[in-house]
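**Q** Please model the entire structure based on the sequences and the hints provided.
Taken in sequence, the protein lines are chains A and B. Under this note's numbering, the first residue of the first sequence is numbered -9, with each subsequent residue one higher. Under this note's numbering, the first residue of the second sequence is numbered -9, with each subsequent residue one higher.
Simulated from the structure, these hints should not be mistaken for laboratory data. Hints may contain errors.
Same chains, same names: a pair is fine if it fits in one copy or spans any two.
[To be verified] Calculated cross-link-like contacts (lysine-lysine; reagent style DSS-like; alpha-carbon spacing at most 30 Å): (1) K21 / K63; (2) K63 / K9; (3) K80 / K21; (4) K47 / K63; (5) K80 / K9; (6) K47 / K9; (7) K21 / K56; (8) K63 / K80; (9) K47 / K80; (10) K56 / K80.
Number of protein chains: 2
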Amino acid sequence: MNIVFVHVHVRPEFVDAFKQATIENASNSAKEEGIARFDVIQQTDDATRFILVEVYKTAEASAAHKETAHYLKWRDTVAEMMAEPRQGVKYSNIFPEDSGW
Amino acid sequence: MNIVFVHVHVRPEFVDAFKQATIENASNSAKEEGIARFDVIQQTDDATRFILVEVYKTAEASAAHKETAHYLKWRDTVAEMMAEPRQGVKYSNIFPEDSGW
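**A** Below, the structure written as structure tokens:
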């Protein structure tokens, strides 16, 4: 799997709006053929910090996601909400194997 | 869900041994009643960096995990493999809801 953790630091006044926009994006993204999981989590000790856990079946699926209407809407909606530029970090799965995602 | 990301930085000579020990621990942990997922991922641009993505159904499940034989074996086995102390960061799920994990 091609896994990307997108770390997002949101300005405090936008936390609720960010969650709303990001749930909408995630629920649509999770339906994409090339996406195995698209989870969104919030840090317990700092409510302004989120991670989007994006699990792509192929590298092509990652590129295809960035062309979807829901991604483009999310990107533009949350642009003003960021406290700093978001950071993506790439991983591969050690456990479970691809069939477990 | 009670989600913990355990960040592990392994000494380069122990990467393969760490993967072997951690796959064994993860495959047993994933069978625990209180654990929804127990994923292990390796950073693409730095093979010495791993994250254990531990998704517990309850706080009690997290405590119970630390008493299992497979966790205790893993903890002792990997102790000498660490390049620095491992760090745990706690999260809650925004998407999907608990039923989606």
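**Q** If a hint holds in the structure, say so; if it doesn't, say that too.
**A** Quick rundown of the hints versus the structure:
1. Taking the closest pair of Cα atoms, K21 and K63 come within 30 Å of each other only inside a single copy of the chain (16 Å); across copies the shortest separation is 39 Å, beyond that limit.
2. When the C-alpha separation of K63 and K9 is checked against a cutoff of 30 Å, the pair qualifies only within one copy, where the shortest distance is 14 Å, while the shortest distance between copies is 39 Å.
3. Proximity of K80 to K21 under the C-alpha cut-off of 30 Å is found in both arrangements, the shortest distances being 21 Å within a copy and 27 Å between copies.
4. Proximity of K47 to K63 under the C-alpha cut-off of 30 Å is restricted to the intra-copy arrangement: shortest distance 23 Å within a copy versus 32 Å between copies.
5. For the identical chains of this complex, K80 and K9 are neighbours both inside a copy (23 Å) and across copies (18 Å), given an alpha-carbon limit of 30 Å.
6. Proximity of K47 to K9 under the C-alpha cut-off of 30 Å is found in both arrangements, the shortest distances being 25 Å within a copy and 22 Å between copies.
7. Proximity of K21 to K56 under the C-alpha cut-off of 30 Å is restricted to the intra-copy arrangement: shortest distance 14 Å within a copy versus 35 Å between copies.
8. Proximity of K63 to K80 under the C-alpha cut-off of 30 Å is found in both arrangements, the shortest distances being 23 Å within a copy and 29 Å between copies.
9. In the homo-oligomer, the alpha carbons of K47 and K80 lie at most 30 Å apart both inside one protomer (13 Å) and across protomers (26 Å), since each shortest distance falls under that limit.
10. Within a single copy, K56 and K80 get their C-alpha atoms as close as 16 Å, and across copies as close as 28 Å, so both meet the 30 Å cut-off.
Checked against the numbered hints given earlier, this structure breaks none of them.
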